[in-house]
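Asks: One line per chain: the protein sequences are S and G, in this order. Mapping to our numbering: the first sequence position 70 is 70, numbers consecutive. Mapping to our numbering: the second sequence position 653 is 653, numbers consecutive.
Please keep in mind that the hints were generated in silico from the structure rather than gathered at the bench. A hint or two may mislead.
Quick list of simulated restraints, FRET-style, between CB atoms [as the list claims (entries may be wrong)]:
1. S:15 with G:458: 23 to 29 Å
2. S:25 with G:836: 43 to 49 Å
3. S:175 with G:481: 31 to 37 Å
4. S:218 with G:481: 27 to 33 Å
5. S:12 with G:458: 41 to 47 Å
All of these numbers come straight from a predicted model, not from anything done at the bench. Every residue, glycine too, gets a C-beta built ideally from N, C-alpha and C.
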Amino acid sequence: MSEEERKFLQIVNLKKGFGSGDSRQEVLKGMNFEVAKGEFCVLLGPSGSGKSTLLNIIGGIDNPDSGYISINGDKLEEMDEKTLTQYRRKHLGYVFQLYNLIPNLNVKENVEVGAYLSDNPLDIDELLHTLGLYEHRHKLPNQLSGGQQQRTSIGRAIVKNPDILLCDEPTGALDYNTSKEILKLIEDVNKKYGNTIIMVTHNDTIKLMADHVIKLRDGVVRHNIVNETKVSAVDLDW
Amino acid sequence: MKNPLKKRVPRELKGEWHKYVTVFVFLTLIIGFISGMYVANHSMLVSNAEGKTKYNLEDGHFRVKSELSEEMRKAIEAGEQADVRAYYRDKAIAEATDKAVEEIEKSLKDNGLEPEGPTADLYKENYDKALEEAKAKIEEEVDKELDKELEGKLPDPADPVPVTIYENYYKEVSEVWEGGGDTRGDVRVFKAQDKVNGYCIHKGEAPKSADEIAIDRMHADNAGIKVGDTIKVGGTQFKVCALIAFVNYSTLYKKNTDTMFDAITFDVALVTEEGFDRIDNDIYYNYAWFYKNAPADDKEEKKLSEAFVNVIGTQAIVYENEAKEFVPGYINHAVTFAPDDFGKDKAMGGVILDILVVVLAFIFAMTISNTITKEASVIGTLRASGYTRGELLVHYMTVPVCVTLAAAILGNILGYTLFKEVVIAMYYNSYSLPTYKTIMNFEALWKTTLIPVALMFVINLIIIARKLTLSPLKFLRHDLKRSKRKKAIRLPKWKFMTRFKTRVLMQNFPNYLTLLLGVCFVMIMMAMAVGMPSTLKYYQEHVGEMMFVKEQVVLKSTEDADGNEITTAVKGAERFSMYSLLYRAKKMDESIAVYGIEPDSKYMKIPADMAENEVVISDAFSGKYGFKAGDTITLWEEYENKSYDFKVRDVVSYSGAIAVFMHNDSFNEVFDYDEGSFMGYLSQSPIDDIDEKYILTTIGEKDITKMADQLDHSMGSFMLYFQYLCIILSVVLIYLLTKIIIEKNENAISMTKILGYNNREINSLYILPTLFVMIIEEVIGIFVGYLIMLVVWKSYMAKLGGWFEFNMGIKEFVRMFVMIFVAYIIVMLIDTRRIKKVPMDEALKNVE
Chain S
1 MSEEERKFLQ IVNLKKGFGS GDSRQEVLKG MNFEVAKGEF CVLLGPSGSG
51 KSTLLNIIGG IDNPDSGYIS INGDKLEEMD EKTLTQYRRK HLGYVFQLYN
101 LIPNLNVKEN VEVGAYLSDN PLDIDELLHT LGLYEHRHKL PNQLSGGQQQ
151 RTSIGRAIVK NPDILLCDEP TGALDYNTSK EILKLIEDVN KKYGNTIIMV
201 THNDTIKLMA DHVIKLRDGV VRHNIVNETK VSAVDLDW
Chain G
1 MKNPLKKRVP RELKGEWHKY VTVFVFLTLI IGFISGMYVA NHSMLVSNAE
51 GKTKYNLEDG HFRVKSELSE EMRKAIEAGE QADVRAYYRD KAIAEATDKA
101 VEEIEKSLKD NGLEPEGPTA DLYKENYDKA LEEAKAKIEE EVDKELDKEL
151 EGKLPDPADP VPVTIYENYY KEVSEVWEGG GDTRGDVRVF KAQDKVNGYC
201 IHKGEAPKSA DEIAIDRMHA DNAGIKVGDT IKVGGTQFKV CALIAFVNYS
251 TLYKKNTDTM FDAITFDVAL VTEEGFDRID NDIYYNYAWF YKNAPADDKE
301 EKKLSEAFVN VIGTQAIVYE NEAKEFVPGY INHAVTFAPD DFGKDKAMGG
351 VILDILVVVL AFIFAMTISN TITKEASVIG TLRASGYTRG ELLVHYMTVP
401 VCVTLAAAIL GNILGYTLFK EVVIAMYYNS YSLPTYKTIM NFEALWKTTL
451 IPVALMFVIN LIIIARKLTL SPLKFLRHDL KRSKRKKAIR LPKWKFMTRF
501 KTRVLMQNFP NYLTLLLGVC FVMIMMAMAV GMPSTLKYYQ EHVGEMMFVK
551 EQVVLKSTED ADGNEITTAV KGAERFSMYS LLYRAKKMDE SIAVYGIEPD
601 SKYMKIPADM AENEVVISDA FSGKYGFKAG DTITLWEEYE NKSYDFKVRD
651 VVSYSGAIAV FMHNDSFNEV FDYDEGSFMG YLSQSPIDDI DEKYILTTIG
701 EKDITKMADQ LDHSMGSFML YFQYLCIILS VVLIYLLTKI IIEKNENAIS
751 MTKILGYNNR EINSLYILPT LFVMIIEEVI GIFVGYLIML VVWKSYMAKL
801 GGWFEFNMGI KEFVRMFVMI FVAYIIVMLI DTRRIKKVPM DEALKNVE
């Protein structure tokens, strides 16, 4: 792996706070770490540790107070609103805890919403097969289970074959089995398409399937671990 | 790849079809009607303009007392002012010289000199000398006197205005028709000629024999006269052979200074030369003129006509005729009123359409704003995934713009077909217009298609774009409020349900504000739709009280053919005089009736000690122009550069006309009539013992209410449609806005159902606050509508002759309230059903 690939995502002295005066709360207090290209990175930490804020800043939908993020050598802070949108459009995929699907578009169309943004999207039907949604492709979101909805939202995020897939508690609203299915899917996507995955979770077990684990607490990185003995999602248990 | 969001558009339309169909139908109807109005207006204006050439419309007309002599006719056609001073000078010198000659002759004779005989030479010598001296003195005195008399009264010299003039003689007589009952009209019968002021035949054929008459189509419609009917014209029977429209009478104004046109009791007609001779009445020597050098525009025409009026005025003096009427084309209401009205309708229709589209655009934008709030997570995700603001903006704007565009297209198709006919029928119901052919109108196309779509586009663009400027994160967090309220407003310790309702009310404040805007707009239209007929009705019903006397008979002359004074035996009849002057107001010249009243009049009580220049004025005069006791008013002669100043002694209660009253003696003095002169009789009972041929005109109730009658006839049914339109518009506005309120609260409604609230309680939470607000907004709207109509009415009346006050009683206010309230009740029933249909699992579903 080249130096460039190793430092694909750089987080440098990142600080972020909310509020002002007495009620000001520092959420990120100077955060530093790097993520390599194609890595499955898990951001782990309890509620309020700043992991979602960090993910939002990486995704370019929030700004740090100081410090910077660079992706593939491009610093996000130097991008204006328009460039940032283009950056998200071309390089990022987002998966949320709540699936945020468009209610009056069917499964296939919801995936097309992502494909539309890419000049070189993945084959949608093939992806639907991979996601196990092909038979459900004509259903509307309210006709699907939670797991199927989340799979659709993953499909929407990865169909444009983004460099980075950002997942914010993707299993937070799902039961045990469905959660494992989704984690397996993300693992497969990572393997098949080679996207860098950054997943925010408070589920400690998920760290076992990651290449790289960043543990956060009180706005700082407590542990930055490279997982040499990662296990498959199917073998996880909690 | 096509944007997949596009696929949402038809689904959105299908899912919310009732909302979009409501707006679509409403917009289509409004655009259709306005487009129809534009097309009808344009087609009518074109046919009207073509008609001017086709039917040789005059450039103006004047009427003189006696037929023009050949010399006078030539002098007028040359367009040169007569030398009035020279005329007066020669006349005065001739008169004075005759008198001087008599005096010289007498003096010479008294001194023993005779023109014949031995003293003849001496007589001649002395005579010549005396005459020469007298002449020099006379000339000097006459010049001095004329300088004094004519100072400022002679027109300024002007370039000649050469014209061609044509006879357009008529007789003005009574018209009685079968089935007309007590109604009798006045008909102006023209003698057939083919040089000027032609006509378009709507039905029948032009008169060929002496007993045939062609009458105005509009009047025939109003009076129920058909081709083949027999009518009595000045007592002579004629058979109606055709219904026509004269090019110079598209609007039936009897006099140019009349308050309003009158197609009900006034008619214009055409007979053959022999037919003309059959009518036993005086000829009105009316002449139409054409400028030899046609003016380029109204401004130049005004200049020419101002010069030409002096030609007529001065030539009439030197040829000892009398100018009775002078009406240049550009101010001839009978010609200009209809096209002006088309123009006003068009402007008004355009403004109403624009306001409606703006109101609907706001509602659309609020609906979409609400959808954006509901779809905040999706929008946040899409924005986070790289969708640009522009892409989302286009997406959310597609539906309103498409609906407006579709409504505009269908509306225009209906405008060219169905609604055009409706508008044309409306115009044919008021005006005597020639036949027309439909002409494609691009103005209609862009004003009723491009402008509504552009308005819808811009308003939605501003509101939606502003909403979408929020960051993706804010959308993801459902944090869509721009300003953060520091503290929640604390409510007093009311009952829980009261506090709940108050919260609903506060939450929907912006929607209620938009609703208030809509309600005020509807109420302004409603005030017009309800107030105008009520004003006219009030005027028609109370005209008896508004008149100071029931009948005013104006005589042509106060002496009959044998030179005896015309008298009446009708009890209570008293003499009076009447003169017409002009009040030069800012927007128009208003015709003022100046009355000379007997000092002890039973009908009009005026102070006995009024000075010669003192008058009392009617409260209509005072109401329209704001004069009060102590003010001085200046009134002008119609066709002369001569004015009179009167001091207002008092304002009398008489709202039937804009009038001025003075003692008859003062009247005779001011207007230079012989002492004891009068012009007619005032009476409470009909004066039926004076031969019709001596009567110039009779003014009764019908004459006073003809403005109201005509307005009622022309606009009455239109106003009723307007009321319905207001109700439909209210239903649309209230429906769309309350829909937003309920949609916003669907989750809460669902939750209250889960918690066990019954439908009645839920209705009281989500419907009662709107009911409460609606009542308050209606009251505010009525107040605003009424006040605005007062201003609009005053400005409307300023452009018309005459005056009557805008009148709305309690009944009308209640009517306005009830009509809009009914609209609300309809929506309330729909809302109740809508609330009932909110499913209980709504609150349990995911935010999508």
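Asks: Does each hint hold? Answer for all of them.
Replies: To see whether the hints hold, each was checked on the structure:
no., hint, verdict
1, S:15 with G:458: 23 to 29 Å, "violated (42 Å)"
2, S:25 with G:836: 43 to 49 Å, "holds (45 Å)"
3, S:175 with G:481: 31 to 37 Å, "holds (34 Å)"
4, S:218 with G:481: 27 to 33 Å, "holds (30 Å)"
5, S:12 with G:458: 41 to 47 Å, "holds (45 Å)"
The earlier numbered hint that this structure contradicts is number 1, and it is the only one.
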